[in-house]
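Student: The lines below spell out each chain.
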Amino acid sequence: MKHAFLAGLIALVPLSAEVTVIQNATIMSEGAKGTFKGTIVVENGKITAVGDNVMVPAGATVIDAAGQYVIPGIIDCHSHIAVDGGVNEGSVSVSSMVNIRDVINPEDIAIYRALAGGVTSANILHGSANAIGGQTLVLKMRWGQDAEGMIFQGATPGIKFALGENPKRAGNPQGGRGAAATNARYPATRMGVEDVIREAFNEAKQYKAEWDAYDAQVAKGEHPLPPRKDLKLEPLKEVLEGKRFVHAHCYRSDEILMLIRVADDYGFKIKTFQHVLEGYMVAKEIAAHGAGGSTFSDWWAYKMEAIDAIPYNAAVMTKKGVVSSLNSDDAELMRRLNTEAAKAMKYGGLTREEALALVTINPAKQLGVDNKVGSIEVGKDADIVIYDKDPLSNYAKVQKVWIDGNKYFDRDSDVSGRPLKELEKKKLTDKEKAAMPAPNGRRPQ
Amino acid sequence: MRNLLSALLVFCGCAAAADNVAIAIRNAKIVTVSGSVINKGTVVVRNGLIQDVGESVTIPGDAVVIDGEGLTVYPGLVDALSTWGMPGPAATGGTAARGGGRGAAAPGTTQTPAAAAPAAPPARGPEDRPSTTSWIKAADEIQTSDKRIESARSAGFTTAAVWPTRGFFAGQGSLIDLLTGEKAGEMVLVPSLGQYISLTRAGGGGGGMGGGFPSALMGAIAYVRQIYLDADHYQMVKAAYEKNPRGMQRPEYDRALEGVIESKRILLPANRWVEIDRMIHFAAELKQPAIYYGLREGFEDRSVKYLKDANATVLVSLKWPEKARDQDPEAEDPYRQMVLREKAPTTPAVLKKNGIKFALYSDGIDAPRDLQRAIKKAIDNGLSREDALRALTLSPAEIYGVQDRLGSIEKGKIANLVVTKGEIFDDRTKIEFVLVDGNKYIPAPEAAPAGRGGGGAATTPNSGVKK
Chain A
116 MKHAFLAGLI
126 ALVPLSAEVT
136 VIQNATIMSE
146 GAKGTFKGTI
156 VVENGKITAV
166 GDNVMVPAGA
176 TVIDAAGQYV
186 IPGIIDCHSH
196 IAVDGGVNEG
206 SVSVSSMVNI
216 RDVINPEDIA
226 IYRALAGGVT
236 SANILHGSAN
246 AIGGQTLVLK
256 MRWGQDAEGM
266 IFQGATPGIK
276 FALGENPKRA
286 GNPQGGRGAA
296 ATNARYPATR
306 MGVEDVIREA
316 FNEAKQYKAE
326 WDAYDAQVAK
336 GEHPLPPRKD
346 LKLEPLKEVL
356 EGKRFVHAHC
366 YRSDEILMLI
376 RVADDYGFKI
386 KTFQHVLEGY
396 MVAKEIAAHG
406 AGGSTFSDWW
416 AYKMEAIDAI
426 PYNAAVMTKK
436 GVVSSLNSDD
446 AELMRRLNTE
456 AAKAMKYGGL
466 TREEALALVT
476 INPAKQLGVD
486 NKVGSIEVGK
496 DADIVIYDKD
506 PLSNYAKVQK
516 VWIDGNKYFD
526 RDSDVSGRPL
536 KELEKKKLTD
546 KEKAAMPAPN
556 GRRPQ
Chain B
22 MRNLLSALLV
32 FCGCAAAADN
42 VAIAIRNAKI
52 VTVSGSVINK
62 GTVVVRNGLI
72 QDVGESVTIP
82 GDAVVIDGEG
92 LTVYPGLVDA
102 LSTWGMPGPA
112 ATGGTAARGG
122 GRGAAAPGTT
132 QTPAAAAPAA
142 PPARGPEDRP
152 STTSWIKAAD
162 EIQTSDKRIE
172 SARSAGFTTA
182 AVWPTRGFFA
192 GQGSLIDLLT
202 GEKAGEMVLV
212 PSLGQYISLT
222 RAGGGGGGMG
232 GGFPSALMGA
242 IAYVRQIYLD
252 ADHYQMVKAA
262 YEKNPRGMQR
272 PEYDRALEGV
282 IESKRILLPA
292 NRWVEIDRMI
302 HFAAELKQPA
312 IYYGLREGFE
322 DRSVKYLKDA
332 NATVLVSLKW
342 PEKARDQDPE
352 AEDPYRQMVL
362 REKAPTTPAV
372 LKKNGIKFAL
382 YSDGIDAPRD
392 LQRAIKKAID
402 NGLSREDALR
412 ALTLSPAEIY
422 GVQDRLGSIE
432 KGKIANLVVT
442 KGEIFDDRTK
452 IEFVLVDGNK
462 YIPAPEAAPA
472 GRGGGGAATT
482 PNSGVKK
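Top to bottom, those sequences are chains A and B. Count along the first sequence from 1, then add 115; that gives the number in my numbering. Count along the second sequence from 1, then add 21; that gives the number in my numbering.
Hint data in this document are derived by calculation from the structure and do not stem from the laboratory. It cannot be assumed that every hint is accurate.
Taking beta-carbon pairs under 7 Å as the criterion, some of the chain A residues facing chain B (in silico) [claimed, not checked]:
1) D199
2) S206
3) M212
4) V213
5) D261
6) K344
7) M373
8) V377
9) K540
Built from N, CA and C at the ideal position, the CB exists for glycine as well.
So that you can see chain B by itself, here it is in the shape it has in the complex (with noise of 0.2 Å):
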């Protein structure tokens, strides 16, 4: 198993090798997303960039030529808040240890995979840096060998903006073109997105018994507070230093500072309308650029006033609430539940009726026919298919400031594209391959039933540029 996978790693390097070969799909309806749907048309592809497009395009004497009879091309999918390619839990490190901030000692980093670190002492305070590793880069963690990749690509997803997503400030998100096989380096689009901030402990442990600061939301909320009072200290303490030296104490190094300081945005966690209101209210408060994510009842009028007014850009999770499983039947959930149930779907159309600028992420959801799935939720719900694929392509690529480069197709963007026989999102869809920098994947049939954990639909790469 493993010789194979090498095999096919290698195997693709070459099929990256042949870059400047061009490719050509004719005669296929193209949805541009940027302007109108060319009914039949054609895109070039060159060095992993569209060369061409538009319905009557001089189609280069080297390039290979596929029929695009029958055939829909899309720009590829862009996840927008994602861990597709990221280390599992247990490879993190570096979550329980101190964060390197005053007089804390810093063990293990979170580059030490696996590292079952012996537990560090409890936090004692914001001083302790605890659950922060601000300075990592998703970049530079990648796993090429997560099979999400493959799986995501398997549903149309050639893009995902991942994020480490453990701790306070769990670290930096990186934009990444979903390649197999590549070195991790030439997946990567942006290496940093900005600052991921949750305020829940690393791992879940926590609690007000031993755990250490902070237990409490409260104390995840000061602890944030703080560090940005930190962050303005030292950059001032710092600056003072650099300007005259002589006769001053050396401020000291807090990489916790660092990461967070070279973030040029933040990610908050707001589910409720009571969180929307209260994260915006401390984004405002820490003067700090925002994005907030999950937006559960988004579809609240509160929600969609408060978001209006801060002229707030969100990210929608497509994990939609849903009835526990195996739930006695009898049982009865509380009307408010079954509220956000019936309404969570909603959010989307909501949110675009009302010109809140959002995108869709995965959160957690892999295997390629649940994506579909959820994505059709939203659509069930009110969304027009045509918002359903902006917030799956423009959308995200104009809220992390690369709609120059990605998110429609247009003449001298990434050649990241997605080509289906039946509109895209449907359950009967099939897709014909998917474009990355563009080189070529085709995706294996789906395995019978979608397996948990996104092993069940793996893409083969087929040798990429036909010679």
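The shape of chain A in the complex, shown without the other chains (with noise of 0.2 Å):
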């Protein structure tokens, strides 16, 4: 049966055994060549040669990128997309036992929209409702298969943390301090929200501590009952042993700075802190946690949390030596986040690939992916994007955009079969009015 399913997979993604060369490209991307005309050759959905002199590979397919741009996959370090059935399971404030694994929906118009702006990768968060919320993944846009061929394999999985307003709000519709007492939801102060985040850690350090004991019985040849399995503490167990990353929502430097002591003491690390507004007040003290800063160019004040903040964050947080990338944290944003990376240029003066980093190989970095994407390097995934022109120009246009090698968004095809679309549509549209009863005769009471 298990074959049978493999195989049914197989048939649904497209034939990458075909080798794919693009030629005369200008290529963008992080590495020792920096930009560059040349060709990429793509193998079995693998990046095989990258170069000005590279052999073309007899029978391949070949597609002339003369005038236009290539550069390596958008990657979107924080995003909601692609989730069924609500991103925040508000009710408590540690849902560590969710995961947004379970409710991926692959047939979320947004994630072909994102493949249209250039974005392959994308890393799924629960929403920031509790201090400690549900389990994430990163998806590959691979638009078309089914929930689990989404799921880029070999990332590792994260759990969601949010520090200020929305963790010590959530759940509370008249306020913390005013609410019922039956309904209220602790926390409703800062404090709170630190208290509730040490308190999740000792229950979870006594949790390892009761399996530790149970796996050192068992490695002995002895046979105790296990200790009962509890879905809110694993992921947290995982958090201690290093093997999920925390992705942490905050905006405050204080809070900042709060959630690195939680760390220390817990012995734990924070992976990202997302949004980060206030990121560039304490890069110094990020940098030498060895967190990443997930940021927004130039989206702020929505609310008092997020008022205090610069155009400047991504650049100051890149210069003092965080590993910086911008996000969308919006279906709609998603789809430019090359003109995000671009607004880096102007206010901070990064150069053009430091800009383009900041949407490639940086957040593959901050999602453990960079030894598979994030740059057109050779042996890494072949995630590549065609722009018509500079990809940091709010006038281009994504062309084309392969995962794994596979092309899964080609604006041709797209456009010229709108048509045919619209011709279904009108004939089902047809189809319906024809079998409507006749406006006469029905008539309001």
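If you follow the hints, you should be able to join the two separate chains into one complex; please do so.
Tutor: This is the structure in structure tokens:
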């Protein structure tokens, strides 16, 4: 049965055994070469050659990209698309038992739109209603695949944390302090948010100790009763073991420092600070912790804790040694992360390569997949985007997108396919209209 | 009205008492479902069972003989997933109650009808067993006075798999015969068919704000997963305790887990192909035999592929998606929605073609005319009449493992029959009478417009078996 399933999956995947060559393109990527004119060879879903003087294998499909630009697929480190049935399990302050993996919606049109904006991978996060939120995972935008086929295999799974206003407000419609006792959800203050995280890790440490003791007994050949498996504490145990990344929603510098202290106390690491609008104030401390910063280019002031922001945030963090990225947190903004990156050239004076890195190799590092994606280098996944113009320009349009060497977006076929879709829809509309009862005889009472 | 009703009840009781008298329907066309159609034959019924069937059958001397000239006899229809006879929303107390897991107080159970219990504090996690009544059995909840029982019978239904449907673990379904006025216990064929799981909160409430855990789909899935992990652990600890209680703390009794453990299969909701895929993976992970219900997008190639690969069994809702009533005629629906409306009724035909085991279910449709229309729509969309009949008789019997006693006209099976003038499922066909456990019911003429709420078509139990 398993075999039949696998065979089915393979049948759905476009064949990637063939060799694709992209020629004469302006290639922009992190790496020694920087920006240069050259050729990319894709074989079996991987990049097998890049350079200005590359042999074209016989029988390859050759794409002439003269005058066009090629960049590695864009990676969005903070997205909530492709999720069914709500992104927040907002009923509890620690919702680590829930997992985005269970509710992937591969037919969310936002996936296709993200593709059309050059995005090939995205970190799909639980919402920010809880101090400790749900488990997260990285998807590739393989439009047309089923849920399993969307998953970026080999990416380290994550968990969402959230600090500040959202977790202390969510679930408490009247505000924490005024809520009826039965419905109030602790916490109602920033102090409480810290306390919730500490308490959860106290529990998790104890839970881990129980399991470690059990595992030790089993290793000795004994047959003890296993402890109860707790889905809330399992992922926190994994955080303590370094097997799961923490992506922490935050704004203010004080809460960023608070979380670093908590992590140090319990012996785990924060992988990324998300939003992190005051990151520029504490960039040194973030860098010292080894965390990344995934922020917005110029999106702020939508609430009090997001007031003290500057458009130089990504550039300042980068210069202070924080691996930084720009994310969307939004299905619409997700389609134009290329121009979000470009803003860091104006505000902060990053080079083209540094700016592009904010949406390619840097988020790849933040998600632990920089050995697979994020740049156009030999051996990496063939996640490639062709733009008609300079990708850091407002005028650039995505022409083609490959993931694992399979073409998932082609502007030409999208445009040329539209009339047919219109026609199909019209047929159904006409049919329904014809089936409608005549309006006379039906009167409002 | 009340008096009249109780008078009828008494009357019916008498009818049932006359069990040992035989009924013979002769010279009728008999559609056995399990075998070939008998163009002119006889069915003999006694003690609620089919005593004999065939072209040349000896009619017992004491039998009441019904001339079946021009009539067709079918097995009684089975609703594969129903709430007929189940208490309405107001009558289920324990929906918001904590489930009685560890440490949880256990307020009103479902047995308290119409209990407007004070709102329980919102659940803080799986350990509070939110919206869980896994231990209740539909058989213990039957409301014999439910008008829908008569109404369904008027559409040819004699049996229903009825389920508690509110809550994440709503409870256990039961297979019942649609008798009127009998003691509820006499209606029950199978007391527990399995556990009904839904992934939405009972009563529709919820949401993130103060509704308690879980509020999102992923929370509901995590909850179900945790319950099965807990059930495994519970059984393990209980077994260890039974073996050697000395020196061991006794495990705490948890009725939510008891209910889950005693359920031999689960019903999982799956309409979209994404959900079908998701639920098939989920059932495999839980290691539970599952039946998937809904199947609006069962017609999709992917759905077919997933179901075939998993060798899955499904229940297809007869409530076909329709354009919203009173919609602005100028408003244009998304293409996707239009395709769904167009294709959903082809699902049964597609499943049949691909050899996927399925049955049909009423999904809240009660009025005989509406039921008939809904079934007809599947037929108009490619399902053969024979297959439609099978999906409402022998297939559900097989799905619930009672094909040895129900679902076709065979010697020794339960005497649930529908006798019609004309082909069943046709607009103009008249149902002459039905037999449920050998008791004869004649549908009352349908009230002019098929009324909402299903009260429109009452059946009057006639004198049953005439002496």
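Student: Determine for every hint whether it applies to the structure shown.
Tutor: Each hint, compared with the structure:
The beta carbon of D199 (chain A) is positioned within 7 Å of a beta carbon in chain B (closest approach about 6 Å), and the interface hint is therefore held. The interface hint given for S206 (chain A) holds, since its Cβ lies 4 Å from the closest Cβ of chain B, which is under the 7 Å cut-off. Below 7 Å, beta-carbon pairs count as interface contacts, and M212 (chain A) has one with chain B at about 4 Å; its hint therefore holds. Look at V213 (chain A): its Cβ gets to within about 4 Å of chain B, closer than 7 Å, so that hint holds up.
The criterion of a C-beta within 7 Å of any C-beta in chain B is met by D261 (chain A), whose closest approach is roughly 5 Å, and the hint holds. A hinted interface residue such as K344 (chain A) counts as satisfied when its beta carbon comes closer than 7 Å to some beta carbon of chain B; here the least separation is about 5 Å, so the hint holds. Evaluation of the M373 (chain A) hint against chain B yields a violated restraint, the C-beta minimum of about 25 Å exceeding 7 Å. At its closest, the beta carbon of V377 (chain A) sits 22 Å from a beta carbon of chain B; the interface hint therefore is violated under the 7 Å criterion.
Because the smallest distance between the Cβ of K540 (chain A) and any Cβ of chain B comes to about 5 Å, under 7 Å, the interface hint for this residue holds.
This entry does not satisfy hints 7, 8, going by the numbered hints stated previously.
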